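Chemist: The residues making up each chain are set out below.
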Amino acid sequence: MSSQHERAPGDDLGPDSRREAIRSGLLTYTVGLALALIFTATSFWAASTGVLWLPGVPIGLAVLAVAQMGIHLVFFLHITTGPDNTNNVLALAFGVLIVALVVGGSLWIMAHLNANMMPSPDLMNLHMQR
Amino acid sequence: MTDTTLPMASHARKDGPASKRIIVAYGFWIFLLSDIIMFSAIFATYAVLVGATDGGPTGAELFDQKRVAIETLCLLFSSYACGMMSLAIEAKHRLATYGAAAVTFALGAVFLTLELSEFAGMIAEGATPQRSAFLSAFFTLVGCHGAHVGFGLLWLVVMMAQLNAKGFRDDVLRRLACFSLFWHALDIIWVALFSIVYLMGGRV
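Line order of the protein sequences matches chains A and B.
The first sequence begins at 1 in the numbering used here and counts up by one.
The second sequence begins at 1 in the numbering used here and counts up by one.
For the record, the hints were derived by calculation from the structure and aren't laboratory data.
On a predicted model such as this, the values are computed, not experimentally measured, just so you know.
Yeah, the Cβ is synthetic: ideal placement off N, Cα and C, and Gly gets one too.
Some hints could be false.
Stated by the list, open to error - Simulated pairs of lysine to any residue, SDA-like, Cα-Cα distance not exceeding 20 Å:
1. B/Lys-92 x A/Glu-20
2. B/Lys-92 x A/Ala-91
3. B/Lys-66 x A/Gly-70
4. B/Lys-92 x A/Ala-41
5. B/Lys-66 x A/Ile-38
6. B/Lys-66 x A/Pro-58
7. B/Lys-92 x A/Leu-27
8. B/Lys-92 x B/Gly-202
9. B/Lys-92 x A/Ser-17
10. B/Lys-20 x A/Pro-15
11. B/Lys-92 x A/Leu-26
12. B/Lys-20 x A/Asp-84
13. B/Lys-66 x A/Arg-18
14. B/Lys-66 x A/Ala-91
15. B/Lys-66 x A/Ser-48
16. B/Lys-92 x A/Arg-23
17. B/Lys-92 x A/Thr-40
18. B/Lys-66 x A/Val-89
19. B/Lys-92 x B/Ala-147
20. B/Lys-92 x A/Thr-42
21. B/Lys-66 x A/Asn-87
22. B/Lys-20 x A/Ile-79
23. B/Lys-66 x A/Asn-85
24. B/Lys-20 x A/Pro-83
25. B/Lys-66 x A/Gly-50
26. B/Lys-92 x A/Val-89
27. B/Lys-20 x A/Val-99
28. B/Lys-20 x A/Ile-38
29. B/Lys-66 x A/Ala-46
30. B/Lys-20 x A/Val-89
31. B/Lys-92 x B/Cys-178
32. B/Lys-92 x A/Ala-21
33. B/Lys-92 x A/Arg-18
34. B/Lys-20 x A/Asn-87
Unchecked claim - Some residues of chain A that are not near chain B, with every Cβ distance over 10 Å (derived):
35. Trp-53
36. Gly-56
37. Ala-115
38. Asn-116
39. Met-117
All chains should be built: construct the whole structure from the sequences, respecting the hints.
Modeler: Structure below.
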């Protein structure tokens, strides 16, 4: 296993190590699927049940969604913290930064615009709900 | 990243550039991130406009949680089947590869059919994209994801044809690896989508 880094899926592996690799891959995907199913089920339950404190539900859903995205990244897309994965992780971190800026920034600015530029609460009501 | 099953060299990368397989996967990963950033802009638009229903139907009136749950399961299991396809490719097992690809395709097609029938039902009720800013944003966001899924299905068919014609050649394998990255990334976007649009927006 000395020149593993030059090994592409098309290269010839010994039958033993290939079988081993496929078995561990199968385990990874299956664990990922099970975790994703648990998170999905929890999300759908939290959204429909009346047991939970309602104002807290959206935050809970957001946390579950982020957790499930993490599961997908690790178990399906195989983003790891290994040295061979540094570039992938850095690109991901940059992507997350931009996504946070775009979504957070838009919501922040638009909320302020709504608050500052609406003529009066009555009119705003009309505007939003008529 | 794409290298699912092989224990990759975490040591011993002193010599020479990375293999083409790793570089291609990295480039495609950057494309996927840029795609996710595009989606984030559409998500932001949706979040800003979600209350602007102009007296028209709201999400709580329109969304059917059961249908969304089925769609979610379809896409999740399709993603899993795509992982199985990667493993079958690793094993160079032709029949298993075609089988897993067929399952991936079928589940993706069921997802797309359910989504299109949802759209058709909404439009029949008068909840068209023209009705309100909320509905414009909704159709843009969900439709954009659906278009990605449709493109992915087409891509999968093309890849199977290539596999049939060219066999397990290195360039075909790299494209297949990119396809599986694409398919898993679509599932990630769907997680954000069903949480934000359907679950948060569907509550009364």
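Chemist: Assess, step by step, whether the Cα of B/Lys-66 is no farther than 20 Å from the Cα of A/Asn-85, and give holds or violated.
Modeler: 38 Å, violated
Chemist: For the pair supplied as a hint, B/Lys-66 and A/Arg-18, is the alpha-carbon distance within the 20 Å limit?
Modeler: The given pair, whose Cα atoms are some 41 Å apart, is violated under the 20 Å limit.
Chemist: Regarding the assertion that A/Gly-56 does not contact chain B, is the least Cβ-Cβ distance greater than 10 Å?
Modeler: A/Gly-56 clear of chain B: closest Cβ-Cβ about 12 Å, beyond 10 Å.
Chemist: Is the straight-line distance between the alpha-carbon of B/Lys-66 and that of A/Gly-70 20 Å or less?
Modeler: 25 Å, violated
Chemist: For the pair supplied as a hint, B/Lys-66 and A/Val-89, is the alpha-carbon distance within the 20 Å limit?
Modeler: 35 Å, violated
Chemist: Quickly compare the C-alpha distance for B/Lys-20 and A/Asp-84 to 20 Å and report which way the hint goes.
Modeler: Holds, because 14 Å separates the two Cα atoms, which is no more than 20 Å.
Chemist: Within 20 Å, alpha carbon to alpha carbon, are B/Lys-20 and A/Pro-15?
Modeler: Between B/Lys-20 and A/Pro-15 the Cα gap is close to 24 Å, so the pair fails against 20 Å, i.e. violated.
Chemist: Is it true that the CA of B/Lys-92 sits at most 20 Å from the CA of A/Thr-40?
Modeler: 33 Å, violated
Chemist: Do the alpha carbons of B/Lys-92 and A/Val-89 lie within 20 Å of each other, as the hint requires?
Modeler: 29 Å, violated
Chemist: For the pair supplied as a hint, B/Lys-66 and A/Ile-38, confirm whether the alpha-carbon distance does not exceed 20 Å.
Modeler: This hinted pair holds, its Cα atoms lying about 17 Å apart.
Chemist: Holds or violated: B/Lys-92 and A/Leu-27, Cα atoms, limit 20 Å.
Modeler: Satisfied, since the Cα-Cα distance of roughly 19 Å is no more than 20 Å.
Chemist: Has the given pair, B/Lys-92 with A/Glu-20, been kept, meaning a C-alpha gap of at most 20 Å?
Modeler: 15 Å, holds
Comparing the model with each earlier hint shows violations of hints 2, 3, 4, 8, 10, 13, 14, 17, 18, 19, 20, 21, 23, 26, 27 and 28; every other hint is respected.
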